[in-house]
Amino acid sequence: MADNMKAQRDAYGEVLVELGKKYPNMFVLDADLTKSTKTVTFQKEFPKRHINCGIAEGNMMAVAAGISTCDNIVFASSFAMFAAGRAYEQIRNSICYPHNNVKVVATHAGLTVGEDGATHQCLEDLGLMRSIPGMVVLAPSDSGSTKAACRFAAEYDGPVYIRLGRLPLPCVNDEENYKFELGQADVVADGDFATVMFCGPFYSLAMEVRELFAKNGLNIRVVDVPCIKPMNQEVVKNAIYDTKAIVTIEDHNIYGGLGSAVAETIAELNISNRRPTELIRIGAEDKFGKSGSPKELLAAYGFTAEAIAKKIIAAVCPEFEGEFKF
Amino acid sequence: METKDFAKNMRKLIVEAIYNSGSGHPGGSLSCTDIVSVLFNEEMNKSPECPKDPDRDRFVLSKGHASATLYAALALKGFFPTEEMKTFRKIGGRLEGHPDMKYIPGVDMSTGSLGQGISTACGMAVSGKRLNKDYRVYAVMGDGELEEGQCWEAFMFAAHYKLDNLCVFIDFNGLQIDGEITKVMSPLPIPEKMKAFGFNVIEIDGHNLDEIRAALKNAKETKGMPTAVVCHTVKGKGVSFMENAAGWHGTAPNKEQYEQAIKEIEANG
Ligand SMILES: Cc1ncc(C[n+]2csc(CCOP(=O)(O)OP(=O)(O)O)c2C)c(N)n1
Numbered sequence: 487m488a489d490n491m492k493a494q495r496d497a498y499g500e501v502l503v504e505l506g507k508k509y510p511n512m513f514v515l516d517a518d519l520t521k522s523t524k525t526v527t528f529q530k531e532f533p534k535r536h537i538n539c540g541i542a543e544g545n546m547m548a549v550a551a552g553i554s555t556c557d558n559i560v561f562a563s564s565f566a567m568f569a570a571g572r573a574y575e576q577i578r579n580s581i582c583y584p585h586n587n588v589k590v591v592a593t594h595a596g597l598t599v600g601e602d603g604a605t606h607q608c609l610e611d612l613g614l615m616r617s618i619p620g621m622v623v624l625a626p627s628d629s630g631s632t633k634a635a636c637r638f639a640a641e642y643d644g645p646v647y648i649r650l651g652r653l654p655l656p657c658v659n660d661e662e663n664y665k666f667e668l669g670q671a672d673v674v675a676d677g678d679f680a681t682v683m684f685c686g687p688f689y690s691l692a693m694e695v696r697e698l699f700a701k702n703g704l705n706i707r708v709v710d711v712p713c714i715k716p717m718n719q720e721v722v723k724n725a726i727y728d729t730k731a732i733v734t735i736e737d738h739n740i741y742g743g744l745g746s747a748v749a750e751t752i753a754e755l756n757i758s759n760r761r762p763t764e765l766i767r768i769g770a771e772d773k774f775g776k777s778g779s780p781k782e783l784l785a786a787y788g789f790t791a792e793a794i795a796k797k798i799i800a801a802v803c804p805e806f807e808g809e810f811k812f
Numbered sequence: 036m037e038t039k040d041f042a043k044n045m046r047k048l049i050v051e052a053i054y055n056s057g058s059g060h061p062g063g064s065l066s067c068t069d070i071v072s073v074l075f076n077e078e079m080n081k082s083p084e085c086p087k088d089p090d091r092d093r094f095v096l097s098k099g100h101a102s103a104t105l106y107a108a109l110a111l112k113g114f115f116p117t118e119e120m121k122t123f124r125k126i127g128g129r130l131e132g133h134p135d136m137k138y139i140p141g142v143d144m145s146t147g148s149l150g151q152g153i154s155t156a157c158g159m160a161v162s163g164k165r166l167n168k169d170y171r172v173y174a175v176m177g178d179g180e181l182e183e184g185q186c187w188e189a190f191m192f193a194a195h196y197k198l199d200n201l202c203v204f205i206d207f208n209g210l211q212i213d214g215e216i217t218k219v220m221s222p223l224p225i226p227e228k229m230k231a232f233g234f235n236v237i238e239i240d241g242h243n244l245d246e247i248r249a250a251l252k253n254a255k256e257t258k259g260m261p262t263a264v265v266c267h268t269v270k271g272k273g274v275s276f277m278e279n280a281a282g283w284h285g286t287a288p289n290k291e292q293y294e295q296a297i298k299e300i301e302a303n304g
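Just so you know, the protein sequences line up as chains A and B, in that order. In terms of the working numbering, the first sequence opens at residue 487 and continues consecutively. In terms of the working numbering, the second sequence opens at residue 36 and continues consecutively.
So here's chain B without its partners, still in its complex pose:
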């Protein structure tokens, strides 16, 4: 499947899952969909036949509330049936509100508490370095998440141990729960701070697949330091009424809104 279509199918699954469960996080799930689509459809060596392969690339969704995005990618890649998306956030199922590595094949780390995922990604990367493994580690973080002090402990760690096998995507959509990040507690300027913390920093349009591909290539070619890809994104991307609206952070669409959203996603591209 073309990655463009992969991303489109992901968006449909995301909106559908959140609609079905009546809860979830559409805004931040849709803003990182394109990044996750390139990673799962093109970049990472991961297979549903052997989800625990010790040599697989690792993926950590540090902004774990975007679980629907990860589940959509895993379902489309065959880690579990797309049908199972119906069980999202429901009792008796395994698609927990936030990713659960114990039961969901393909989930490399349980996340949900902001700021912790990036540290665990550092752990995977440093293990790979020390044990001479070739796998790479990818993490997706929120811009609001950067307000957690632990992120900066992790960045210090990544640069100190020269984790060039680590590539961090920052979903820079400018919003968090209570509104604009610059109004709530500004983590800006992000690229300058990441540079100061010892990262190779690339700034891209996080919805442009070619720019995402180029950033991944750049990250792989960079030696001796970790890479941060600061992705300018739109929260709620792909559904007009969800775009750039903080109110859609953690709200499920009603029936009309759901139908409208699917129509728009299908019409786009």
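Chain A extracted, bound-state conformation:
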């Protein structure tokens, strides 16, 4: 694991410029947040193809749809709350229904927004976007994964939602060489006791959970799931067959996002009866966020290795509870 840290939105700003050079028909739209979403880097390089739409996200998404109908690729950015939330219906009716070539790249998703609090901490966007027919939904885990997701989105003909966070994250995937395809899911560490599937900012947390169990002689498989829709059926199937429990970790409500997608996949695979698998969903438990530092918030909402380990033990091997070394 690399020690250097980088915010996904910084990677987004960089890859936009790279893609702007590759695609002369690429436009980037923003809604008065160019310095936060980092579309400002594209604006400096290609002022003619950057359009600030002002604080009017609904209009921006429909403008994006209109631009895309003129044979252009459009990236439209705002905070997740206002992109997926405020402009949900424009995304649904003007972008997705006609399958227009618009990439909604939403930054500042989830509790890790921190001090701004609940009004800015979107914990529902994956659910909103996943429910729209034809929408591809991505939640990359670091800067390399963000760049790969954006390169994939630019290549792909149709609507894509990409969810990014605010915080710097450890750089795990190579920014130049990591490749991305539909249904992407990466087993980053193998194991046979339980499978931790995470998306977004939780590589470190997932690895901490793994280390805790390793100290106790148990191996946790860790899977990075940057493609929430379509969901990779194979990794879920393997998790069911190879391990005793699946744990999903996401900076999102446990309803509607990764946890739901995995639950649906388990149910549809219809093999859980033959091989019972516990599902533990770590996320906001049908709650709004709060103000605080991201670190404090994550602890308060149960995103710590200890809290997660306790849930896994209680579900899979309660008899081990007293002996487990934290």
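Just to be clear, a hint being listed does not mean it is correct.
What the hints assert, rightly or not - Okay, the calculated bits of chain B under chain A, using three or more residues with CB under 8 angstroms as the criterion: (1) 140-147; (2) 154-166; (3) 185-192; (4) 241-255.
Unchecked claim - In silico PhoX-like cross-links for lysine-lysine, where the CA-CA straight-line distance does not exceed 25 angstroms: (5) B:LYS168 x A:LYS530; (6) B:LYS290 x B:LYS121; (7) A:LYS730 x A:LYS796; (8) B:LYS39 x B:LYS112; (9) B:LYS164 x A:LYS507; (10) A:LYS530 x B:LYS197; (11) A:LYS534 x B:LYS197; (12) A:LYS530 x A:LYS508; (13) B:LYS168 x B:LYS228; (14) B:LYS252 x B:LYS164; (15) B:LYS164 x B:LYS87; (16) A:LYS508 x B:LYS228; (17) B:LYS87 x B:LYS168; (18) A:LYS715 x A:LYS701; (19) A:LYS508 x B:LYS164; (20) B:LYS137 x A:LYS715; (21) B:LYS168 x B:LYS252; (22) A:LYS508 x B:LYS87; (23) A:LYS701 x A:LYS773; (24) B:LYS125 x A:LYS534; (25) B:LYS290 x B:LYS125; (26) A:LYS507 x B:LYS121; (27) B:LYS112 x B:LYS47; (28) B:LYS137 x B:LYS125; (29) B:LYS252 x B:LYS230; (30) B:LYS43 x B:LYS230; (31) A:LYS530 x B:LYS164; (32) A:LYS534 x B:LYS164; (33) B:LYS258 x B:LYS228; (34) B:LYS87 x B:LYS255; (35) B:LYS112 x A:LYS534; (36) B:LYS228 x A:LYS534.
Treat the hints as calculated values from the structure; they're not laboratory data. Every residue, glycine too, gets a C-beta built ideally from N, C-alpha and C.
Model the placement of chain B with the ligand on the given structure of chain A, informed by the hints.
Frame of chain A, contents of chain B with the ligand only:
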């Protein structure tokens, strides 16, 4: 075909399609028919041979519930056979209740959710400006539609980016579903508001073909700002019992009413 006859044929196709499907929006379809007839029969460079031509003029029916009007114009221009109007709003066909750009040749944008079409038209216009294209973009909106806040976001956008390649027709028929716009939620005064939002504003009789032509000329000659043509119209125009009656917003005629309507349309002009 003379545009006068083109409009008359459109009206017949509209009423017939709505009658056949037993559903649709006759009132608002008939009020914008004359505007759409001039655009499709005289003004826009659009061809059924090349409906996706990157240099074509764009048309966005922001009041998408008037889909029958758009389909009638497209059928008469040869984008699909007029026979196909029989499939309007029926399962298995492509003439969806609201325009669907994915499957219907000549439809430049899928619309139906009021307030969104005008934003997409702004997108087409700004793309044309930034990529130095010469095409023009036309949008038709309802007066009730103006109650949607998004319209005003779009107008702000159009003026801010000086979209003089955009011409917006406002079908000012004074009615919406629940009655008179001034009683439900008044968007008046429309011309003054559009001026305040930075538009070149022209007020015309939306059933007078010459006034529509003159407005289009004025719009093309206006530089540095978008144009709004506020069209005084009659909802249900051309069918006496549908005229100025809010009840005909979304109701299909029965057999007698249909026959009466066709008779009247044929007799007119
Ligand atoms: C966002 C949205 N809300 C509600 C509707 C339902 N609706 C369809 S037509 C209509 C009234 C439209 O009135 P107006 O714009 O004046 O059109 P016209 O009278 O010319 O038909 C409404 C409320 C809709 N299509 N879209």
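Checked hints:
no. : hint                : in the structure
1   : 140-147             : holds (count 4)
2   : 154-166             : holds (count 12)
3   : 185-192             : holds (count 5)
4   : 241-255             : violated (count 0)
5   : B:LYS168 x A:LYS530 : holds (23 angstroms)
6   : B:LYS290 x B:LYS121 : holds (15 angstroms)
7   : A:LYS730 x A:LYS796 : holds (15 angstroms)
8   : B:LYS39 x B:LYS112  : holds (14 angstroms)
9   : B:LYS164 x A:LYS507 : holds (20 angstroms)
10  : A:LYS530 x B:LYS197 : holds (21 angstroms)
11  : A:LYS534 x B:LYS197 : holds (14 angstroms)
12  : A:LYS530 x A:LYS508 : holds (16 angstroms)
13  : B:LYS168 x B:LYS228 : violated (29 angstroms)
14  : B:LYS252 x B:LYS164 : holds (19 angstroms)
15  : B:LYS164 x B:LYS87  : holds (18 angstroms)
16  : A:LYS508 x B:LYS228 : violated (42 angstroms)
17  : B:LYS87 x B:LYS168  : holds (15 angstroms)
18  : A:LYS715 x A:LYS701 : violated (34 angstroms)
19  : A:LYS508 x B:LYS164 : holds (21 angstroms)
20  : B:LYS137 x A:LYS715 : holds (22 angstroms)
21  : B:LYS168 x B:LYS252 : holds (19 angstroms)
22  : A:LYS508 x B:LYS87  : holds (24 angstroms)
23  : A:LYS701 x A:LYS773 : violated (33 angstroms)
24  : B:LYS125 x A:LYS534 : violated (44 angstroms)
25  : B:LYS290 x B:LYS125 : holds (19 angstroms)
26  : A:LYS507 x B:LYS121 : violated (48 angstroms)
27  : B:LYS112 x B:LYS47  : holds (15 angstroms)
28  : B:LYS137 x B:LYS125 : holds (17 angstroms)
29  : B:LYS252 x B:LYS230 : holds (19 angstroms)
30  : B:LYS43 x B:LYS230  : violated (33 angstroms)
31  : A:LYS530 x B:LYS164 : holds (19 angstroms)
32  : A:LYS534 x B:LYS164 : holds (9 angstroms)
33  : B:LYS258 x B:LYS228 : holds (20 angstroms)
34  : B:LYS87 x B:LYS255  : holds (23 angstroms)
35  : B:LYS112 x A:LYS534 : violated (36 angstroms)
36  : B:LYS228 x A:LYS534 : violated (29 angstroms)
Against the hints set out earlier in the document, violations occur for numbers 4, 13, 16, 18, 23, 24, 26, 30, 35 and 36.
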